[in-house]
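Chemist: Below are the chains, spelled out letter by letter.
Protein chains: 2
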Amino acid sequence: MRIGKNTIRFEKPVYIRETYSIVGPKEGEARFGSYFDQVMTTYEWDEKTFEQSERKMHKTAIEKVVEKAGLNQSDIGVLLCGDLLNQISASAYSARDFKNAYLGLYSACSTIAEAMIIGSLLISGGYFDNVSCSTSSHFCSAERYYRFPLELGTPRTPLSQWTVTGAGAILLSNVAIGPRIVEATLGEIVDYGIIDSSDMGAAMAPAAAINIIQHFKDTGRSPDYYDLIVSGDLGKYGSELFRYLLSQEGYVLKDNYFDCGAEFYGDDVNKKQGGSGAGCSATVFASYLYPKLKNHEINRVLFMPTGALMSKDSSLQGESIPAIGQLVVIES
Amino acid sequence: MRIGKNTIRFEKPVYIRETYSIVGPKEGEARFGSYFDQVMTTYEWDEKTFEQSERKMHKTAIEKVVEKAGLNQSDIGVLLCGDLLNQISASAYSARDFKNAYLGLYSACSTIAEAMIIGSLLISGGYFDNVSCSTSSHFCSAERYYRFPLELGTPRTPLSQWTVTGAGAILLSNVAIGPRIVEATLGEIVDYGIIDSSDMGAAMAPAAAINIIQHFKDTGRSPDYYDLIVSGDLGKYGSELFRYLLSQEGYVLKDNYFDCGAEFYGDDVNKKQGGSGAGCSATVFASYLYPKLKNHEINRVLFMPTGALMSKDSSLQGESIPAIGQLVVIES
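Sequence order for the protein chains is D and W. Under our numbering, the first residue of the first sequence is numbered 1, with each subsequent residue one higher. Under our numbering, the first residue of the second sequence is numbered 1, with each subsequent residue one higher.
Note that these hints are calculated values from the structure, not bench results. Please note that a few of the clues may not be correct.
To be verified - Calculated Cβ distances over 10 Å to all of chain D for the following chain W residues: (1) R2; (2) L152; (3) T154; (4) L159; (5) E263; (6) Y288; (7) K292.
Claimed, not checked - Straight-line Cα separation of at most 20 Å, PhoX-like style, residue types lysine-lysine; simulated pairs: (8) D:K12 <-> W:K12; (9) D:K48 <-> W:K312; (10) D:K254 <-> D:K236; (11) W:K5 <-> D:K99; (12) W:K217 <-> W:K68; (13) D:K99 <-> D:K64; (14) D:K5 <-> W:K48; (15) D:K26 <-> D:K312; (16) W:K217 <-> D:K99; (17) W:K217 <-> W:K5; (18) D:K312 <-> W:K312; (19) W:K48 <-> D:K312; (20) D:K217 <-> W:K99.
This structure is a prediction, so every number in the text was calculated from the model and none was measured. Cβ coordinates follow ideal geometry from the N, Cα and C atoms, glycine included.
Pulled out of the complex, with its shape left as it was, chain D reads as follows:
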């Protein structure tokens, strides 16, 4: 059923049966390092290109989440995949090795939430028993695809974020194991005219604010309703903007809020505003949030990854950055 304008509630239960996270070496040493399932030994990971390395990572996440859940690959109904490469090629080249139906998704760094939403439609609708949601990003390929190739040595600007090298997989199921995805608020695209492709926090904060406010209006809730509110990759500055925009509308975020990007690399100043990328919120959810939900340390989580929907071409053509937040509510 729908609640209000953009919020939907999944009537038949959708369970998050298992998760898997794999990250790059530096990510493995950062804030969430001890939570990840696997850390790559190098960024190349014995592959010839960064694209192949990302693909290997993405494919590993899909394989391992199925294995970790004690299932076979043939038990998976659909692979819902997305990434940041042009034509989401990391996803397609990962999924071609499995004999599973495939749906390719793109919502930039919020893709994991889009996958969880569409996966929930498939499970709640009674169409499939298990679906896999997975997203990835790789710092070395993302910089080339969105800004400058690393080989140029272009200095990073103060407002930039660091694309997380990582892949997260989330296995949804109709079997009553793990926390439930109960609702989603689908995001609208918002563009506040930011043209600096490094300053994604400022582009995404308004979209995130508008979507969470829509969620509060649709449901009649306030931020206090949730044990934890987690936004995607707004970064340090972006998440402050997000807090400010919400406070202007009367919604005050307290200690029950954090942003995956702002927290990802802790206080590492080289990472500027923090992490971003389709692998950022996906790996944080898979590694850090999921176990806390599963063992009831937290019971109600609002999880809203955010995405900056520009391309390198649109940035070079002087376009501003459209952005989006996709929101799911998880209860255990």
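Starting from the known structure of chain D, fit chain W onto it as the hints suggest.
Modeler: Here is chain W on its own, set in the frame of chain D:
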């Protein structure tokens, strides 16, 4: 409910309430010319870049399908969009001008079917009353993004296809107007090792064959069950390959089969194997097939757009082309 391995049936009815198609000047003079709703005057269409032209086309398709259905933009629950540009930017930049929830999809030239599948989940699940599915492609931008910029004047190879400049929008609804989407067979990714990025027909034919055979196995049907079987952008050579692969498995396609790409430009030899692109099957469905379904000239259609999931980067790195077919069954 699910039928067999990859086929799903939408229990609550999903209607195709309206469609809209808009194409480029040459497309307006080709085989389906008299069926399109709108023909652009030039490929630039008063815009500075081909990307902006594609966006204008995509946005127009969304606006006009809503208007043609006698609805307001606020009646639309979700925009399901995709295109061929990097990071599907035509979709994001089109959708940012509407205050509608958005889900970005990428399945190359089969994206319109992916949108119809996910749109059907949203309508059949009772979540929204109306959703818009739209995809676009533009010859001038696609050549640059997938192969060579037009300015290079690179000769076209005999097996190449011509990206259709066009956008199609399909409005799904729970209101009993128009034909119904009754089933879908979700495609698996298939890669037969084709490395020539111009030879998409050979890459896509096996994926198309495997998916339609899965559909026949899942449902126990044969090709004769359908008034019309329409594949996406296999092109002339690709659709012959597709026929051959099916015949080897005992499924003989007769006169009730055609391929959108093979037919799009008629016998124009400059277009080599025919049309392709996310706008190809979308505009053919919106302009040519939909009215025939609506007035019961045909009553059972199997519509299976196909997609080649490589990127320019994967091609330059010597990778073969993963491909997919996404299949929907429409009845009136």
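Chemist: Now, for every hint given, state plainly whether the structure supports it.
Modeler: Hints and how they fare:
Separation of W:R2 from chain D is inadequate, the least Cβ-Cβ distance of about 5 Å not exceeding the 10 Å criterion. Distance to chain D confirms W:L152 as a non-interface residue, since its nearest Cβ pair spans about 17 Å, more than 10 Å. Residue placement check: W:T154 keeps its beta carbon more than 10 Å from all beta carbons of chain D (closest about 19 Å). With a minimum CB-CB distance of about 20 Å to chain D, W:L159 clears the 10 Å threshold, and the non-interface call stands.
Distance check for W:E263 against chain D: the nearest CB is about 26 Å away, which clears 10 Å, and the non-interface claim stands. With a minimum CB-CB distance of about 26 Å to chain D, W:Y288 clears the 10 Å threshold, and the non-interface call stands. For W:K292, the condition that its CB be more than 10 Å from all CB atoms of chain D holds, with the nearest at approximately 28 Å. A hinted pair counts as satisfied when its Cα atoms are at most 20 Å apart, and D:K12 with W:K12 qualifies at roughly 15 Å.
Of the pairs offered as hints, the one joining D:K48 and W:K312 holds, with about 17 Å between alpha carbons and a cut-off of 20 Å not exceeded. Distance hint between D:K254 and D:K236 is fulfilled; the C-alpha atoms sit about 16 Å from each other, no more than 20 Å. Note on W:K5 and D:K99: the hinted pairing holds, with a Cα-Cα distance of about 11 Å set against a maximum of 20 Å. Simply put, W:K217 and W:K68 have alpha-carbon atoms about 38 Å apart, too far for the 20 Å limit, and the pair is violated.
Of the supplied pair hints, the one linking D:K99 and D:K64 holds, its CA atoms being roughly 16 Å apart against a limit of 20 Å. A threshold of 20 Å between alpha carbons decides the hint, and for D:K5 with W:K48 the separation of about 36 Å lies outside it, so the pair is violated. Between D:K26 and D:K312 the alpha-carbon distance is near 25 Å, which puts this suggested pair outside the 20 Å criterion. The hinted pair formed by W:K217 and D:K99 meets the criterion: a straight-line CA distance of about 16 Å does not exceed 20 Å.
Taking the CA atoms of W:K217 and W:K5, the gap is near 9 Å; set against the 20 Å cutoff, the hint holds. About 14 Å separates the Cα atoms of D:K312 and W:K312, which keeps this hinted pair within 20 Å; it holds. Proposed proximity of W:K48 and D:K312 is supported: the alpha carbons are some 17 Å apart, at most 20 Å. With a C-alpha separation of about 16 Å, the suggested pair D:K217 and W:K99 falls inside the 20 Å cut-off, and the hint holds.
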